[in-house]
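Just need the whole structure built from these sequences, with the hints factored in.
There are 2 protein chains.
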Amino acid sequence: MDIDALLTSAAINTGLSVLLFSLYSILRKQPSNSIVYFGRRLASLNNRNSRNHFSFERFVPSPSWIVKAWETTENEILAIGGLDAVVFQRTLVFSIRVFSIAAVMCLFLVLPVNYYGQEMKHKHIHAESLNVFTIANVKEGSRWLWAHCLTLYIISCSACVLLYFEYKSITKMRLAHITTSPPNPSHFTILVRSIPYSVGESYSNSVKKFFTDYYSSSYLSHQIVYRCGLVQKLMVDAEKICTKIKAVPNGQPSLKPCCLCGGSTSFKVLTDEPETVKDSFSYSNLNLATRDNERSAAFVIFKTRYAAVIATQMLQSPNPMSWVTELAPEPHDVLWSNLCIPFRQLWLRKIVTLLATVVFMVLFLAPVTFVQGLTQLEKLSQTFPFLRGFLKQDLINHVLTGYLPSVILMLFLYTVPPTMMLFSSVEGPVSRSGRKRSACLKILYFTIWNVFFVNHVSGGFLYAFNMLSSVGDIPVELAKAIPNQASFFVTYVLTSGWASLSCEVMQPFSLLCNFLKKHLRRNHEDSSDGLVSFPYHTEVPRVLLFGLIGFTYSVMAPLILPFLLIYFLLAYLVYRNQVVNVYIRKYESGGQLWPIVHNTTIFSLVLTQMIAIGVFGIKKSPIASGFTIPLIICTLLFNEYCRQRFSPIFKKNVAQVLIEMDRRDEQSGSDGRDPSTDAFSILSVTANFS
Amino acid sequence: MDIDALLTSAAINTGLSVLLFSLYSILRKQPSNSIVYFGRRLASLNNRNSRNHFSFERFVPSPSWIVKAWETTENEILAIGGLDAVVFQRTLVFSIRVFSIAAVMCLFLVLPVNYYGQEMKHKHIHAESLNVFTIANVKEGSRWLWAHCLTLYIISCSACVLLYFEYKSITKMRLAHITTSPPNPSHFTILVRSIPYSVGESYSNSVKKFFTDYYSSSYLSHQIVYRCGLVQKLMVDAEKICTKIKAVPNGQPSLKPCCLCGGSTSFKVLTDEPETVKDSFSYSNLNLATRDNERSAAFVIFKTRYAAVIATQMLQSPNPMSWVTELAPEPHDVLWSNLCIPFRQLWLRKIVTLLATVVFMVLFLAPVTFVQGLTQLEKLSQTFPFLRGFLKQDLINHVLTGYLPSVILMLFLYTVPPTMMLFSSVEGPVSRSGRKRSACLKILYFTIWNVFFVNHVSGGFLYAFNMLSSVGDIPVELAKAIPNQASFFVTYVLTSGWASLSCEVMQPFSLLCNFLKKHLRRNHEDSSDGLVSFPYHTEVPRVLLFGLIGFTYSVMAPLILPFLLIYFLLAYLVYRNQVVNVYIRKYESGGQLWPIVHNTTIFSLVLTQMIAIGVFGIKKSPIASGFTIPLIICTLLFNEYCRQRFSPIFKKNVAQVLIEMDRRDEQSGSDGRDPSTDAFSILSVTANFS
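Chains as they are written, first to last, in the working numbering: chain A, 498 to 1187; chain B, 498 to 1187.
Bear in mind the hints are in silico, worked out from the structure with no lab data behind them. A portion of the hints provided could be inaccurate.
No copy is singled out in the list; a pair is fine if it fits within one copy or between any two copies.
Here are the computed lysine to aspartate or glutamate pairs in the EDC-like style, where the Cα-Cα straight-line distance is at most 20 Å [to be verified]: (1) Lys706 / Glu1157; (2) Lys847 / Glu1137; (3) Lys1149 / Asp830; (4) Lys706 / Glu823; (5) Lys669 / Glu571; (6) Lys636 / Glu616; (7) Lys636 / Glu1137; (8) Lys1149 / Glu823; (9) Lys636 / Asp1162; (10) Lys1148 / Glu823; (11) Lys1149 / Glu736; (12) Lys977 / Asp734; (13) Lys705 / Glu1157; (14) Lys620 / Asp891; (15) Lys737 / Asp1162; (16) Lys618 / Asp499; (17) Lys737 / Asp830; (18) Lys1148 / Glu663.
Next comes the structure, spelled out in structure tokens:
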């Protein structure tokens, strides 16, 4: 691939992006699309005034949304999207900062060294191959390799310093988030699983007996989990209808009669007073709360947060597989269907999904290998001889090498998130945020393996599989492959990166659904059913993959950095816009994403350094290789320090903070209600109706 | 090596063992050696009557000690040596059981198959090579490989079943051990480290403020750790002298005057009443307990066991590197010198010792490679041509191949435990048992790597190092090497195994020291200074190594099994004798050794199965290979189940058990003293004088 092909690709993608962003700026002004582009706003404001007035302005593209996104402060993001959204923004800010430093260093120091690395006659810059700008162009044993080594040092050090301050500030934010959050049922509640079965006694009685016996001073109440039977499902449907009725604008009851409860008006009254709902719909009336329907899981509510956390930290019984406790997720976060899974199955399920994930990752190599073939035109024309004439045309050549491979890869990659989400569901987490985090990790491993590693192994499918068995050779193999695969990854950033942002901002799928609903089903009411929460499980791995590509290519092929910087800047604006306007916050994990980001960045750094050692070795510069080894050690030590210093905050609750919160509650509770009783009433209503 | 050489080696070793055991049975009857062979008994009985009467019986070897060792019950072992001794005995019983099953299967099924595996004319059995009895003699594609596969299944299954029941019973024993143990300061006390420094306030005040603030209901008292200065060391010496004076038979004060306190009689009074000692020697008098000498560590004593454990389970402060809590070790178990190490150094120390251990393991390859050369006589005579004539003699040939390599290896191995113990001390554990466990693990890894793996790699030092980089090839390499290295490991069991037991029972080092002390220094008093606790850190890895050799060779070269069984039977008797007579119990870890034994056994099983797959592959029997794969999966699943079911008991304390114990104390304490106050007084005395 030469500079011309790169420019073609860049031009196509820039054009496409500008076009799509303009289209977005028009589409978002159309009132019919407001539910697609302002879902969160509408849901929070409950302001559904149709602005159907026609104006010319509506059809002129404008950059106002960019200005608005830029002006949003971090506090606003925190208030709107929660700590997770802030963490995601910080990830982008970190990437922008570190790659700005890298870009300055690489473009002004490394790029000239690469370009003049060999005594050769340079062609006109247009016809120059991309390889001339990579480290492949530096001659063996060159004394100029110190430039690469120095740049690597500067990038690694600045990345570590930035990571440290980010980790520190996010830890502080997490603590503040916990301290300032209002009393929440999940703070006072633990989930007890694997309650031992005793003949002639209901699970409910067992729980009561156990906790009044051992936690008499702090135990408040409990709620057994019941099997999700048919009647319950009907009730859930009734609840949904009920919510819909309530959601009708101006509070007018709909005319459709409700067969389960006789009328919509009564429903409305009921939902306003949860206790009444509980009475009229109580499980005992419907015979749901019988012994047969009880499952060996329960929510146990304590009087203080501290007591609840203590109960989760201790091993309860001499059999570690019974009376298993963990902190309950927030009510909206609970994954009710998984609560009924017997605890004894969990470890098997985890192993099975792990194996399934590995098998899926390996089988996925087939399409990737095919895509790889496309970047080498000669291979393609050998495989499909009838294409030869067609492939000789210049434009097609450029499109094929510069664009098509990435598009095919991207399309295949769209099947990954649903599959991984399915695997994570089967695994049996009890919270939606836990499932999302687990899926995020799976997709991350998948992306790094299938997009990054496999594309660098020249021998394709079987060769990549063989490489697994000789772990030590991977850095050397990568060192050989990286300069050659630079063109593929530059175009990958252009296509997959830029296009994914356009796609994200356009929301083509929601737009299509909305269009079909309005024009085919003639349903002109905006419903908030389709509103989704932020897809961290797909977006975090994507951003981290570009980070990995950025680090590994920064020193080897610096030409990738400007494109990457544009990607991160665009991402910063686009995701801000999306957080503010589109996605709703149903639940949150309290910044649990950051350790994933941190660890992946450290992995990227160490991999970059190992590849650099390999490349310096190939270039016969033992001094540069030797100087890089201390860098690896320092990076790993830095990571270990962060693991000691910050990571426990993300895994355990802090006694001091909890006790202070409980005291504050007690002081305010002395003149009012008890927050833990509040928590219980919220929880039991949610438990009955979810 | 042929059967003749094997028999020579066996004869030499049997003769040597019988000789040494007879010598032991005579030596133990000599009154002058009683402190060497009955140290624990004497220490516990305080019965130092010299039995200097002469009798002929004293010089006749007798097997009475074997009978006594055999007749000791498990309860006696538990009472004398504690749970750790029982766990060690169970390890030996497990090995005897599983290798008995293996021996029956292998000698009656696998051995004939191996022997008649190829159509060949068998020589006279004496001259037969050992190789004829290994799997190497089975021809490729033989249909008889199902016998090996079946045997592997039977061995693996019986090992897993036995492991399960052992784990179950040891878990029960551990719980019983905790429940029935008398109130111990370590139950009520936690060790707080990394107390944050605040200007103008002593650490002692900080601790008091923190715990009265957050643990007001359960906090009892605390004891700051002071720096070990010169004055303190003098005091410790004084204390030692004082103990010695007290230990003089018939309570007669010695005539040596004590310069620190003026006289021995007063010392005697003091040691009987710790409180008085504390007053007269209190730190304030000697100006030890000043702020400058305070270290940022303290023992904090709680009113109940449960409260103490809670304080260790929680993260205390928003900075996870300050107010770090862990359960305090027993007073005799505390490694006082390590308490002063700043907590912030610990993670660095761990990394440094890990690296040091790896470097030590790698450098140790040199002597091992040399030893390996000795087993191949041709190599030896090539290296040292002047030896050629000498080597042609038959007896020397046999001794050299069958005996010398193991002896040299063994001598080198004697330097390992002190080195690893040193590394473990530097690592900074706060308890002696923790240090021993850490050293045990290091020695285990060392032994498995240097004795097992490296001996199987034919290419020596550099080749073994290369192998590290291609992990996938290790099983195949082992599969190639195992049948050829059978002779080395048979002799290793004979020499290193049997000789180590004779050595253990004879205690040559203590014997020599005792002899020198009595005859050169003319000191005829038995002192209990030299008494040591059981060296689990050297003996557990040794037994586990023989287990590993047993598993891997059982199917491949069954001739090793009888020798191994004899080793385990002898070990069973010898170690029982040693636990009852020689070693004292200063502290114990409560069965923490078992998870190490369990994990190593699972590792050995899986390695055996992987090697079997490799060997079946080499023998071109894909069916047998295929049938072995499910076995690996089942073994790993079994291990995961045990990890879920039993292992948490060894890591965390059980709330239910602790609460019951506290209640029992409360009931008995209502009519008497408070056990936690007792605990405090014990601890503070120990803290002041250790």
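Hints, verified against the model:
Proximity of Lys706 to Glu1157 under the C-alpha cut-off of 20 Å is restricted to the inter-copy arrangement: shortest distance 15 Å between copies versus 30 Å within a copy. For the homomeric pair Lys847 and Glu1137, the shortest alpha-carbon distance between copies (11 Å) is at most 20 Å, but the shortest distance inside one copy (27 Å) is not. Proximity of Lys1149 and Asp830 under a CA criterion of 20 Å is satisfied intra-copy only: 19 Å inside one chain copy versus 29 Å between copies. In this assembly of identical chains, Lys706 and Glu823 lie within 20 Å of each other by CA distance solely inside one copy; the values are 19 Å within and 31 Å between copies.
Taking the shortest alpha-carbon separations for Lys669 and Glu571, only the intra-copy value of 14 Å comes in at or below 20 Å, while the best inter-copy value is 55 Å. Taking the shortest alpha-carbon separations for Lys636 and Glu616, only the intra-copy value of 9 Å comes in at or below 20 Å, while the best inter-copy value is 62 Å. Taking the closest pair of Cα atoms, Lys636 and Glu1137 never come within 20 Å of each other, the shortest separation being 37 Å inside a single copy and 53 Å across copies. Taking CA atoms no more than 20 Å apart as the test, Lys1149 paired with Glu823 passes in both settings, with 11 Å inside one copy and 15 Å between copies.
Taking the shortest Cα distances, Lys636 and Asp1162 never come within 20 Å of each other, neither inside one copy (70 Å) nor across copies (79 Å). Taking the closest pair of Cα atoms, Lys1148 and Glu823 come within 20 Å of each other both inside a single copy (12 Å) and across two copies (17 Å). For the homomeric pair Lys1149 and Glu736, neither the shortest alpha-carbon distance inside one copy (36 Å) nor that between copies (44 Å) is at most 20 Å. When the C-alpha separation of Lys977 and Asp734 is checked against a cutoff of 20 Å, the pair qualifies neither within a copy, at 59 Å, nor between copies, at 65 Å.
Taking CA atoms no more than 20 Å apart as the test, Lys705 paired with Glu1157 passes between copies only; the shortest distance there is 18 Å, against 28 Å inside one copy. In this assembly of identical chains, Lys620 and Asp891 lie within 20 Å of each other by CA distance solely inside one copy; the values are 19 Å within and 78 Å between copies. Proximity of Lys737 to Asp1162 under the C-alpha cut-off of 20 Å is found in neither arrangement, the shortest distances being 34 Å within a copy and 55 Å between copies. Taking CA atoms no more than 20 Å apart as the test, Lys618 paired with Asp499 passes inside one copy only; the shortest distance there is 16 Å, against 72 Å between copies.
In this homomeric assembly, Lys737 and Asp830 come within 20 Å of each other (Cα to Cα) only inside a single copy, at 17 Å, whereas the closest approach across copies is 63 Å. Taking identical chains as interchangeable, the C-alpha atoms of Lys1148 and Glu663 lie at most 20 Å apart only when both belong to the same chain, with a minimum of 18 Å there against 33 Å between chains.
Hints 7, 9, 11, 12, 15 from the list above are not met by this structure, while the remaining hints are.
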